[in-house]
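Chemist: Here is how the chains run, residue by residue.
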Amino acid sequence: MRCAVIVFPGSNCDSDLYKAVNSFEGVDAEYVWYTTENLDAFDLILLPGGFAYGDYLRAGALAARTPVLKALIRAAERGVRVIGICNGFQVLTECGLLPGALQRNSGLHFICDTPLIEVVQDQSSFTSRYQQGELIRLPIAHGEGNYICDELTLRHLQAENRIVFRYASGSNPNGSVDKIAGILNSKGNVLGMMPHPERAMADWMGSSDGRRLFESALNLFPETADAA
Amino acid sequence: MPPEPTPEEISTQQSYLSLGLSDSEYQLVCELLGRKPNLTETGIYGVMWSEHCSYKTSKMQLSRFPTEGPNVLQGPGEGAGVVDLGDGWAVVFKVESHNHPSAIEPYQGAATGVGGILRDIYSMGARPVAFLNSLRFGPLSDKKDPGSPNIKRNQYLFGGVVAGIAGYGNCIGVPTVAGEVGFDACYSGNPLVNAMCVGVIRHEDLQHGRAEGIGNPVIYVGAATGRDGIHGATFASEELNEESEAKRPSVQVGDPFMGKLVLEACLELFRSGAVISVQDMGAAGLTCSSTEMAEKGGNGMELDLDLVPQRALEMSPYEIMLSESQERMLLVAKAGREEEVFEICRKWEVPACTIGRVIPETVLRLKHRGALAAELPLDRLLGSCPLYQRDAVPSEKQLSRQKKNAVTWDVPDDIGALFKEMIVQPELASKRWVYRQYDSMVRTCTSVGPGSDAAVIRIEGTNKALAMSIDGNSRYVELDPQTGGRIAVAEAARNVTCSGGQPLALTNGLNFGNPEKPEIFWQLREAVTGICEACQSLELPVTGGNVSLYNETEGEAVYPTPLIGVVGLVEHPEHETTQHWKQAGDVILLLGETEEELGASALQQFMTGSIFGMPPALDLEKEKNLQEAVLEAIRQNLIASAHDLSQGGLVMALLTSCKGELGVHVDWESGIRDDLALFSESQSRILLSTVPQNLLMLEKLMQSRKIPCERVGVVMPGRFDIALNGKFLIQEELPELQQLWENALENIMNSENQGFSGEKQAA
Amino acid sequence: MKGIITVVLKQDILDPQGRAVMNSLQGLGYDEVQGVRIGKSIEIELNGISPDEADARLRKMCESILVNPVIEDYHLEIIED
Amino acid sequence: MKGIITVVLKQDILDPQGRAVMNSLQGLGYDEVQGVRIGKSIEIELNGISPDEADARLRKMCESILVNPVIEDYHLEIIED
Ligand SMILES: Nc1ncnc2c1ncn2[C@@H]1O[C@H](COP(=O)(O)OP(=O)(O)O)[C@@H](O)[C@H]1O
Ligand SMILES: [Mg+2]
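Protein chains in written order, with the working numbering: chain Y, 1 to 228; chain G, 1001 to 1763; chain X, 2001 to 2081; chain A, 3001 to 3081.
Everything labelled a hint here was simulated from the structure, so no lab data went into it.
Treat the hints loosely; a few may be bogus.
[Said to hold, decoys possible] Derived lysine to aspartate or glutamate pairs resembling EDC-like cross-links, with alpha carbons at most 20 Å apart:
{"no.": "1", "chain 1": "X", "residue 1": "K2010", "chain 2": "X", "residue 2": "E2080"}
{"no.": "2", "chain 1": "X", "residue 1": "K2010", "chain 2": "A", "residue 2": "E3043"}
{"no.": "3", "chain 1": "A", "residue 1": "K3010", "chain 2": "X", "residue 2": "D2073"}
{"no.": "4", "chain 1": "A", "residue 1": "K3060", "chain 2": "X", "residue 2": "D2081"}
{"no.": "5", "chain 1": "G", "residue 1": "K1727", "chain 2": "G", "residue 2": "D1413"}
{"no.": "6", "chain 1": "G", "residue 1": "K1431", "chain 2": "Y", "residue 2": "E25"}
{"no.": "7", "chain 1": "A", "residue 1": "K3002", "chain 2": "X", "residue 2": "D2081"}
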């Protein structure tokens, strides 16, 4: 399995993601600089968190107009799996692969915390190792994670089962519509999420609930995926 | 460009005064040079001889610190201290203040403070792995006058500083993992903002800022130079009028995005081997970095100022040399390998260009528009600054206040109600509102983040971890600087110990008022004495630090505020310990003796609105014994949680050990008056919890070390019940207390401080 | 020549920061304040191009990057020297 | 009535955001872009007060919380309905 970790100037969760993915047997992660124009060699493409271009103008906006994004969009069209985490999610909405936008947190402050997240659906290629309705702990750390979209889009997301993660149990740290924490594109091969699975890889980090996301995306346990 | 005053005019019009030199200092400069300096030269002397760069008042005090130890690889003198961690690893750390810039523009002041200390760490070659910070502000509320402009200003400063620290640290991708915040009327108008950075390095990668190799190119890396922060120190000491308002230096603005690129470029430059030395352009910008590098290398430096990248038009040599624009580094590369340097900088999209070279004459030579703009012999610039030994005399107020009895109030009727009022005071309230704004997890090495005594950061590729804490209770120092100094060291070390770390060394930030006043210099001297004593007893060398003097508003000094940052080594992940209860039914033990010590305590401040008497005593022998015993118990795996007792005493420590649904049931015997027993701030006390099976072994260990060890209660879900001598003083549902305590700061800040304060500029 | 682009949130998009500022202003006694919306003002210095071209180019910049059409509207003003 | 306040960074103050946006625009081929400065645009809806009063009140709002005089300048425009 070859896995690309895209690096923009100002990305800072790139090495965390790289470590996380490389910790799996048989997975080969590589850093890919934003000027790269070809991503054909990769089975999974990861957009890391951080502050690409300092989050200047709008979070993700400047990164979404770089050469690597053109290649990423082509790969996504071919059905290659893509995960955008935090800043990566912002890039995915900015480039149009995912609908909606991420606005400033409703409380106006940056929030770093480890809330409970509900796995809304376990049928996606990214959640096959979880169970629907399961509550997991994943860290969040963002200033602009307040997901918004218009009524129609929201109804589509709901009807097509494309909301994958929600903030659980009455909490909504950033004010997102429908408590959305992560969504899919309509084909189901592109996931954007604000929580950081790469920060939940071992108990000493406070949670190891993020592991199963990568296991699902990397098809590390195909039997379970089939069974699900 | 307006014409510059001539050397003659500088002398006759005494313009050197506004450039930071006194009459006698200016005379000395003329003697050293054998001529009158021109404007640029006068400016360079002014800034290099400022307190900030020369330590002319504090140097003799600082020289008293013990700086040697078997683990010290680099003591004070370089950008930051370096301490061995074994197996070829070392830790690099230092603290830096940014008080005055933060008072003017809290967001940018704090952000650039963080950026500055970061550059100090990586210029040693180290990868920065953690930030800490220590903050002081005026009160956030006033019952009598809730809408007072002072209170609003304090809230604005607090909100802005926290946002600035978050803004820079989060963006650059280094976790902010620990710190402390204090509030007191003495900091209204003069907040304190001290930032600490910790980095990790392999021994062989250690860099030194020495300009070596005659003919080697001097390369400028990073953001262009503007008129930011020019001679800030001098302008700040001028009386403000309309004319000076126009002259006021423009605020330095941080750019963490550029900062991150410069950081990565520099670390890669070190690995390339094409670079000999690097120094950051911090205080006094190009002046300080170029002269220090040249002097340490035993050489000189020639710079062509026309080659310095400039953001503003028509900058004079004086302005170029004194600008404090951010995100800039100066480096000396190996001749012939410039292209390699530029290649790496291009990759990271960081501007870089050669601006000069290393020369054999030991001078700083500056050229501008084809002419010589300045030439100063380095030995007559750096080593020649006069040192001042000021008078040190305690004030009358100081001495009479110490003699007062610390307890002047009667036992309160309802201690439970009192407790609930106290835990919502900003001073004692949870600092969650602050640290929730900091990314404390990026880099995924944080094992214990904010919310416990010390933070713990794992070192990748090893079994080791670092425990770190920054502390300082200035009320103790105000009442008795020597004891206060000792306690600051002891407390920071105790926090590290409680987290499972062996304290290794410390950095200190000395924040004081105007040292020309005898009572202030006395505070400084006494506090240093106390710090030295504690360092000796606890075997903690000082490897670096920072001095910030003249922290005054309208002639009133802040409390003397020495801050101590301690770093410790956690030898094995199993030793990582937090202050929180782990399991219902665990037994709670109190180590140490509780005396009636309420001087400068949180209870005294709350009951009387002021502080008086003597601060708690500290017996360094006992302290050392206690810390060793706790560390031993942790290493023997006998302890579930460990928490040091500090502000607010036992009852505060009990509350802050509760987490989730784990509360306490305490039934304690004490001969001291109820309120004083619960809130006494006696030193050298630690609260432990342990599973019942380990209880006897733990008690035996403490007995063998002659450490008083009392069973005070058990961990109980959902409750906070405290009984003293068989009588319940506090009986509360835990969730209710927790909510009060955790949301207190948030409630104050969110109700009052909506809008723009402290947000990302111009976003 | 200068282009000044004012970017505002679309009418139906919630503006939490604007709300917060409004509350602060009302809290300070500015009762006349009925609503606050916060947007961006982007000033772009242009060189070597005619005002007509400038208008088209600036609109392209807005559409390709400066403005997020999902949540924002903009208007454009050109100031000739 | 509406007040529109444009808040800009003072000339001497570094605008890292503007710089980054300029680099991106140039990278996308907009070579005519010579400089970018980014500020805020604040739109305030006012009620029950005359345009003259409005001007004075808005200036007071700017000075008390909307503008940070240490690093920002502003200008004000009033639009009557
Ligand atoms: N400015 C800050 N930055 C980061 N963490 C902070 C800050 N202030 C407080 N904290 C964290 O909050 C916790 C409690 O701190 P404090 O109130 O000083 O308690 P203690 O008296 O036990 O030292 C600690 O973990 C500390 O690191
Ligand atoms: Mg503590």
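Chemist: Evaluate each hint against the coordinates.
Modeler: Hint check:
1. X:K2010 x X:E2080: violated (28 Å)
2. X:K2010 x A:E3043: holds (13 Å)
3. A:K3010 x X:D2073: violated (26 Å)
4. A:K3060 x X:D2081: violated (31 Å)
5. G:K1727 x G:D1413: holds (13 Å)
6. G:K1431 x Y:E25: violated (41 Å)
7. A:K3002 x X:D2081: Distance ~28 Å between K3002 (chain A) and D2081 (chain X) Cα, so the pair is violated.
Hints 1, 3, 4, 6, 7 from the earlier list are contradicted by this structure; the remaining hints agree with it.
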